[in-house]
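Make a model of the complete structure from these sequences and hints.
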Amino acid sequence: MTNLAGLADDILVDTLLMEIAGLLGRFIEFGEHGHIDLRAMPLSPACIDNLERRLGQGEVTAVVQAAGRSDIRETGFPGVWWTRHEDEAGRLIALLIEVADVPSILAAERVDMARGRQGLRGRTHLAGHAASHKRTAPGS
Amino acid sequence: MTPDETLDEMLRRRGFGRRSLLKFAIAMTSSLALPPALAPAMAENLARARRRSVIWLSFQECTGCLETLLRSSSPTFDALIFDFISLDYQEALMAAAGTAAERTLREAVAANKGEFLLAIDGSIPTRDGGVYSLTGGRTNLDMLTEIAADAKAILAIGTCAAYGGIPKAYPNPTGAVGVEDLIHDKPIVNIPGCPPVPEVLSGVLVHFVSFGVLPDLDDRKRPVAYFGTTIHDQCYRRPFYDQGKFAKSFDDEGARQGWCLFELGCKGPVTHNACASLKWNGGTSFPIESGHGCIGCSEPDFWDKGGFYTSLAGGSATGWRNAGIAAAIGIAGGAAAALSVRHKTTPDKPDKPA
Chain A
1 MTNLAGLADD ILVDTLLMEI AGLLGRFIEF GEHGHIDLRA MPLSPACIDN
51 LERRLGQGEV TAVVQAAGRS DIRETGFPGV WWTRHEDEAG RLIALLIEVA
101 DVPSILAAER VDMARGRQGL RGRTHLAGHA ASHKRTAPGS
Chain B
1001 MTPDETLDEM LRRRGFGRRS LLKFAIAMTS SLALPPALAP AMAENLARAR
1051 RRSVIWLSFQ ECTGCLETLL RSSSPTFDAL IFDFISLDYQ EALMAAAGTA
1101 AERTLREAVA ANKGEFLLAI DGSIPTRDGG VYSLTGGRTN LDMLTEIAAD
1151 AKAILAIGTC AAYGGIPKAY PNPTGAVGVE DLIHDKPIVN IPGCPPVPEV
1201 LSGVLVHFVS FGVLPDLDDR KRPVAYFGTT IHDQCYRRPF YDQGKFAKSF
1251 DDEGARQGWC LFELGCKGPV THNACASLKW NGGTSFPIES GHGCIGCSEP
1301 DFWDKGGFYT SLAGGSATGW RNAGIAAAIG IAGGAAAALS VRHKTTPDKP
1351 DKPA
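So the protein lines, in turn, are chains A and B. Residues 1 to 140 (our numbering) make up the first sequence, in order. Residues 1001 to 1354 (our numbering) make up the second sequence, in order.
Some hints here could point you the wrong way.
Claimed, not checked - Stretches of chain B that chain A covers, calculated by requiring three or more beta carbons in the stretch to come under 8 Å of a beta carbon on chain A: (1) 1008 to 1022; (2) 1034 to 1046.
What the hints assert, rightly or not - Some chain B residues well away from chain A (every beta-carbon gap over 10 Å; in silico): (3) A1049; (4) T1063; (5) E1253.
Stated by the list, open to error - To give an idea of the chain B side of the interface with chain A (calculated C-beta under 7 Å), a few residues: (6) A1027; (7) S1030; (8) G1212; (9) L1214.
These aren't lab readings, by the way, just hints derived from the structure by calculation. We treat Cβ as the ideally placed atom computed from N, Cα and C, and that holds for glycine.
So, in C-alpha cells, the structure goes:
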C-alpha cells in the first residue's frame, strides 16, 4: 500500500471514529441504538483491520450459534460493539458496529422464552410422574 | 407446510429460533442497503408473513438462469426464503406435464389473482405473431399478456427477460424483446445478468415478503441496492486502475500480479451488477478474480457492443465507446460515463452490431 493510500485509510477511520462517537452520544442522550454497516462502505480489508485495532478490546466477548456463528465483542469503548455474522457455511453475511447497551441479537426473544417455559415444565419430575402415571393407569 | 403457516411457524418446525430470523434480517438489510436499524422490524414482519405465490414462466431462454438459482441453494439459512415462497408453476421443476400442467397454471392464477409474483426468464419473440416459441401451442407473447394481467408484479430474471438478451442479438431473427417492452401497466423488477446473481433474487423476494412492496429501482427498473454501482467501483483491482497498472495480455507479468484488466477488454467500468461484492459460488470469487475481464452481461445489448477482448478505450468496441473513452481518461471520467449510462432513459437499440 502506498503512503497515500495509508493516509486515505487513516482519514476514513478517523471519520468513522467520529461517527461512532456521535452515535454513542445519541444513545446516551436518547437511548437510540446506532449501527454502522461496514460492508456497505468502500473500506479495504486493511482499513477494517485498522478500525478494529483502534477500537480495541473491551470486557465482553460472546458467541451466538444461530443459523451460523456470530461473534459479538465489546470494543474498548463501552457500548460500542463489533459484531460479525456468518452463515452456516462460514461465509461472512454481515459486519456491523452496534452502539447499544446490549446488541439486539444477544437478548432472548419473548416468544422463544414463552416456548422455553413450556419446555421447562415438561422436564420437571412432576411432568415425568404424570406421564408415567398416565401410562400405568388402569384402563390406559 | 400449510398455505397458512407463517414463516415463524415454519422456522420453529425446523428448529430455528427468533435469533436466527433476526440474524437473517440483519444480513438482508445489509444486502439490500437498508439501514441496519430496520432489521428488527424486518424480522418481526417476516415472522408474521405468510407464503406468497410465485408463478414462473420460461420463454426464449437457455435455462441457465434457473440453473444458477437452483445451484446456488447451499443448505444455508437464506435458502429458506425459497422454501417459503410457493412456487406454484415452473415447467422444468414441476412433476405435472401436458394438460395437467396447463390446468395447474390456470388454477394457480385463479387462486392467487392479483397477488402472485410472476417470474419470467427468457425473452419474448414477437416477429410473425410470436410463433418462434410456444408452450402447449400458445405463444410466449399470448401467455405473458394474459398472465401478467393478473399478477401483482413481474420479476424479469436474467438479461433475456429484462432486455431481450442473446436472442435479441443482431440480426434478432425472432424479434425478441424483454418484458418491459411489452408490459407497461405492472410493476416490473429487472434482475439482469447472464446468468443473474442469485442473491439478488432472494433479496428482492425478502423485501417483498417482509415489507409488501418492491425495493427501490433505478431507471432501468433494477434494484438500486444491487445495481447502483458498477463492477469497477467495487472491484478489488480498482487500485491498480487508479495507479495506471494494467495487464497487457492474459499471461504477462501484470496479469500474474493481479493488475487491472481494463486494457484486455474488461467492461467493469460500464457494467452495473453486484458480482464484485456478492461474488459467485457461495462467495468464492467472480470472473475478474479468476483473471478474466467483465463482459458486461447484465447490460442491455451487451452481445452487440463489440468484442469482449477490446478495450473500452477504443478499437472496435464502439457500442461501449462513449462510456469507455471517458472511463479510460480517469476516475472522474469513468464515474461520469457510468452515470450517463445509468440515467439514459432510452435503452440502446442498435440495428446492427457496432
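Outcome of the hint check:
Under the rule that three or more residues need a Cβ within less than 8 Å of chain A, the assignment of the stretch 1008 to 1022 of chain B holds, with 8 such residues. Given as covered by chain A, the stretch 1034 to 1046 of chain B passes the check, having 5 residues with a CB less than 8 Å from a CB of that chain where 3 are the minimum. No beta-carbon of chain A is positioned within 10 Å of the beta-carbon of A1049(B); the least distance is around 15 Å. No beta-carbon of chain A comes within 10 Å of the beta-carbon of T1063(B); the shortest separation is about 25 Å.
The Cβ of E1253(B) lies farther than 10 Å from every Cβ of chain A, with a closest approach of about 19 Å, so its non-interface assignment holds. With 7 Å as the threshold, the beta carbon of A1027(B) comes within range of chain A, its nearest partner Cβ sitting at about 4 Å, so the hint holds. A least Cβ separation of about 5 Å between S1030(B) and chain A falls short of the 7 Å threshold, and the interface hint therefore holds. Violation of the interface hint for G1212(B) is found here, the shortest Cβ-Cβ separation to chain A being roughly 22 Å, above the 7 Å cut-off.
Look at L1214(B): its Cβ only gets to about 20 Å from chain A, farther than 7 Å, so that hint breaks.
When each numbered hint is compared with the structure, violations occur for hints 8, 9.
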